[in-house]
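For what it's worth, my numbering labels the leading residue of the sequence shown as 11, then goes sequentially.
Simulated from the structure, these hints should not be mistaken for laboratory data. Even glycine gets a Cβ: it sits at the ideal position worked out from N, Cα and C. One thing to keep in mind: the hints can contain errors.
With beta-carbon atoms standing in for the labels, derived distance ranges [as the list claims (entries may be wrong)]:
no., residue 1, residue 2, range
1, L108, P233, 19 to 29 Å
2, G126, L177, 37 to 47 Å
3, I14, V196, 13 to 23 Å
4, L162, V196, 28 to 38 Å
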Amino acid sequence: MSLILLVEQALNGLQLGVMLFLMAAGLTLIFGVMGLINLAHGSLYMVGAFAAAAVAGLTGSFLLALVASLAAAALAGVIVEITVIRRLYDRDHLDQVLATFALILVFSEGTRWLYGSVPLYLDRPEWLSGTVTLPLGIEYSAYRLALIGAGLAVAAGLFWMIARTRLGIQIRAGENDREMIGALGVNISGLYTLVFALGAALAGLAGALIGAIQSVQVGMGEPVLILAFVVIVIGGIGSIKGALVGAILVGMTDTLGRVLLPQAFALVMDASSATTAGSALASMAIYLLMAGVLLFRPKGLFGGATA
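Please model the complete structure; the sequences and the hints are all you need to start from.
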């Protein structure tokens, strides 16, 4: 493999990682603060993607589409939290899993009823449709490079919010002792709704950004949700830092594994067998990574750390 191709794939892995972070950050906040297993988080990713595609189709503006994705996912999150999730906080995790799985079906069929089963397509903005010349003469997609920058900017903003703002203090306190912050006068219900809306908005933003790379379709959030769960297990539940590190590890492992492993097998077997074996092992690589981390760090890399 050439150095240029390796760098390009590493950038693709970083781009996948920062998008997974947007999903995993909301998921780990919701679980850390509320103790809630939310299987419907991937549906909020889908809501953001469909809202962005619909608004972009009507207005032709990609920036308005991003705003619509944030607003639609956050609003859907608030409605879901108030009508369904609020009744699950004191229930065991099995009830939470069953209820949020039911929400997946509701969101999927509702989206299919509104938009049909035909995929939608979200065009990249013209000012990000070309390539950028990087050092070593590497030509890389301007849009993917913008995704990396946007994801890292959101991560920096989230770190700042958690560490420096009053809301961040309440979130960190809520992760450690919910009863105590309630006794101190913090509106627990309002805090939960706000955290859920924040997590939903991040998922919706991720869906909109990825929607310009792949098609927007019903059920697109579930495969990403599985990867997001892998991320928070690797990084440590409740840790934003862990979500970022875990997401980048997963993104790099998945992307580079699909390129390097078939080439490695090609050294010892014929091309067709090498491709089959390498692809099969590459699909398992992130789970092997998760198993290896848990073997030495059962709580994840940053388990127990809030930020």
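Checklist line | Indices of hints not satisfied (ascending) | finding: 3
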